[in-house]
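Chemist: So the chains spell out like this:
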Amino acid sequence: MRRTLVALCGTLAALLPALPGHAESTLQTVLKRGQLIAGITADSPPSGYVDAEGHIMGYCSDVARYLSRRLGVTLQFVQVTASSRVPLLQTGRIDAEIAVTTPNKVRNEVVDFTLTYIMDNGVLVVRQGDSTDLKNYTNADKVIGATQGNGFVDRWKLLSPQAKFKLFQDEGDVVVALKNKEVDAYITGSFLAARFAKSGGIEVSKTPWASSPDAIMVREDDSKWRKWLDWGLERMWVEGTLQKLYLKWYGIEPDFPFGDAGVIQPRVAEIGKTDDPWHDLPAGFMDKLLGAKSYELDQ
Amino acid sequence: MRALDWSILWQYRDALLSGLLTTLWVSAVGVVTSTAAGVLVGCLGALPLRLARRFAGTYTGFLRNLPMIVKLFFLYFVLGLPAFPAALLALMLHQSAYIADVVSAGIRSVSRGQIDAALSLGLKWQQVFRLILLPQVLRIVMPPLTTQYVAVVKNSSVASLIAIPDLTYETQGINVETFRGFEAATAATALYVVIALAVIGGMSALASRLGTR
Numbered sequence: 001m002r003r004t005l006v007a008l009c010g011t012l013a014a015l016l017p018a019l020p021g022h023a024e025s026t027l028q029t030v031l032k033r034g035q036l037i038a039g040i041t042a043d044s045p046p047s048g049y050v051d052a053e054g055h056i057m058g059y060c061s062d063v064a065r066y067l068s069r070r071l072g073v074t075l076q077f078v079q080v081t082a083s084s085r086v087p088l089l090q091t092g093r094i095d096a097e098i099a100v101t102t103p104n105k106v107r108n109e110v111v112d113f114t115l116t117y118i119m120d121n122g123v124l125v126v127r128q129g130d131s132t133d134l135k136n137y138t139n140a141d142k143v144i145g146a147t148q149g150n151g152f153v154d155r156w157k158l159l160s161p162q163a164k165f166k167l168f169q170d171e172g173d174v175v176v177a178l179k180n181k182e183v184d185a186y187i188t189g190s191f192l193a194a195r196f197a198k199s200g201g202i203e204v205s206k207t208p209w210a211s212s213p214d215a216i217m218v219r220e221d222d223s224k225w226r227k228w229l230d231w232g233l234e235r236m237w238v239e240g241t242l243q244k245l246y247l248k249w250y251g252i253e254p255d256f257p258f259g260d261a262g263v264i265q266p267r268v269a270e271i272g273k274t275d276d277p278w279h280d281l282p283a284g285f286m287d288k289l290l291g292a293k294s295y296e297l298d299q
Numbered sequence: 001m002r003a004l005d006w007s008i009l010w011q012y013r014d015a016l017l018s019g020l021l022t023t024l025w026v027s028a029v030g031v032v033t034s035t036a037a038g039v040l041v042g043c044l045g046a047l048p049l050r051l052a053r054r055f056a057g058t059y060t061g062f063l064r065n066l067p068m069i070v071k072l073f074f075l076y077f078v079l080g081l082p083a084f085p086a087a088l089l090a091l092m093l094h095q096s097a098y099i100a101d102v103v104s105a106g107i108r109s110v111s112r113g114q115i116d117a118a119l120s121l122g123l124k125w126q127q128v129f130r131l132i133l134l135p136q137v138l139r140i141v142m143p144p145l146t147t148q149y150v151a152v153v154k155n156s157s158v159a160s161l162i163a164i165p166d167l168t169y170e171t172q173g174i175n176v177e178t179f180r181g182f183e184a185a186t187a188a189t190a191l192y193v194v195i196a197l198a199v200i201g202g203m204s205a206l207a208s209r210l211g212t213r
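Protein chains in written order, with this note's numbering: chain A, 1 to 299; chain B, 1 to 213.
In isolation and in its complexed conformation, chain A is listed as follows (with noise of 0.2 angstroms):
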């Protein structure tokens, strides 16, 4: 017993002063390698979902596939979660997660975020037939459900301090929760709550209480990574790529300032000698990655 708890002290302090780094940028790798590991989320329709028929779906995807054109690699999806996602992340096994994280002081103490690409408005959803008022649900004896790491949490707290919360690993157990009277209201965004009032039982609020920017999110102080992704962004921003996508999934045009305080980078169109891939698009590659199969795209 003594000695096992010794290896196991052992084994930790080891492993204290630091987890190992990257000293290649992401964009060296993903260059040597050929593909970029993009990491997806399932559970976030219209943002990030998979369809019956297993294909990746959603604006996030698009995205990335997108850039892995831009990029001259071919793309592989892996799917990520509220849990997993920092640590695939850090230990390499995914080179950027293009997906709906909203960038906090905290969480940027430990990874690196874009531009913001996607700007979600919180709203509420609660069982049919109750009010969607938010005076009604800010008082201690009600129960809010959200997914864990859910943005709009924070924000919430803010309006009501003595908020009661149950969070949950995925979006659609807290809207079963929800129907099963386990909570009294469910914070998350409007695009999703949109796609999830579809499946009945429920109603959504109609005045949005709270704003959620999300980036894409990389490794620490991966600052050519990091550029080049704003870069892309930007680029296609310019070209209208952006925001027809937001259209294709989100049904509305962009409705946030985007770029560094609504100006996007002057020259960004110019492609630099070094650290800058920007390869052509092959024949039709936009009429398929705006149309409803553009999982087929997938190499």
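I should point out that these hints are in silico values taken from the structure, not numbers from a laboratory.
One or more hints might be untrue.
Pairs of lysine to aspartate or glutamate, EDC-like flavour, derived with a Cα cap of 16 angstroms [claimed, not checked]:
no., chain 1, residue 1, chain 2, residue 2
1, A, Lys164, A, Asp184
2, A, Lys248, A, Asp287
3, A, Lys157, B, Glu177
4, A, Lys227, A, Asp275
5, A, Lys105, B, Glu177
6, A, Lys32, A, Asp276
No experiment lies behind these values; they were computed from the predicted model shown.
Chain A is already provided as a structure; the job is to place chain B on it using the hints.
Modeler: Relative to chain A, chain B alone:
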């Protein structure tokens, strides 16, 4: 190179302590209820009644082959039980099937002659179990029961999937809020090891007291 920040564990000490207490409570209830149910089903399997033996066989065969998470989701999402009762019932059903097997094996290891002698002396079956079999069987099955109790502690972590704020749940909460998953997971691992060692130590002490070591 990312430096680890162990101070995050101190910052979230209240959450970790709360999660630990919930895990201890769920595990304790799980141990007591699964032992009671497992001993009952194990004894039913030893009775000379075909219906009782068939029930015991079906109970253990069905429940052992169903993953705990499936039982939990069925009780919570399909039957609509509240979270804590669903978690405790799932844990009890899951572990009692294994304990029933352990108890059955223990009963079979006791000489049949003792049972025959007791019955021929006019003892009823419940007296045979209470006075002759179970005192011996529980001493014999202490080691495998210890393994089952450690399994109860480990399986209690599945309750986090239905938002029961146990140690696993709180660890995941720290991870998704701070992105310091390595530090949080290390703390949870250490605490689970401590609980498991406490269970093993407790059962070892009990075994010594009962004179089985």
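Chemist: Checking one constraint from the list: CA of Lys227(A) to CA of Asp275(A), max 16 angstroms. Satisfied?
Modeler: OK: Lys227(A) and Asp275(A) at ~9 angstroms, within 16 angstroms.
Chemist: For a C-alpha distance cap of 16 angstroms, please report whether Lys157(A) and Glu177(B) respect it.
Modeler: 14 angstroms, holds
Chemist: Starting from Lys105(A), check that the Cα of Glu177(B) is at most 16 angstroms away, please.
Modeler: 10 angstroms, holds
Chemist: Given the hinted pair Lys248(A) and Asp287(A), is their Cα-Cα distance within 16 angstroms?
Modeler: Given that 16 angstroms is the threshold and the Cα spacing comes to 12 angstroms, the pair holds.
Chemist: Given the hinted pair Lys32(A) and Asp276(A), is their Cα-Cα distance within 16 angstroms?
Modeler: Roughly 14 angstroms between the alpha carbons, so the hint for Lys32(A) and Asp276(A) holds.
Chemist: Are Lys164(A) and Asp184(A) close enough, with their CA atoms no more than 16 angstroms apart?
Modeler: 10 angstroms, holds
Against the hints set out earlier in the document, no violation occurs for any number.
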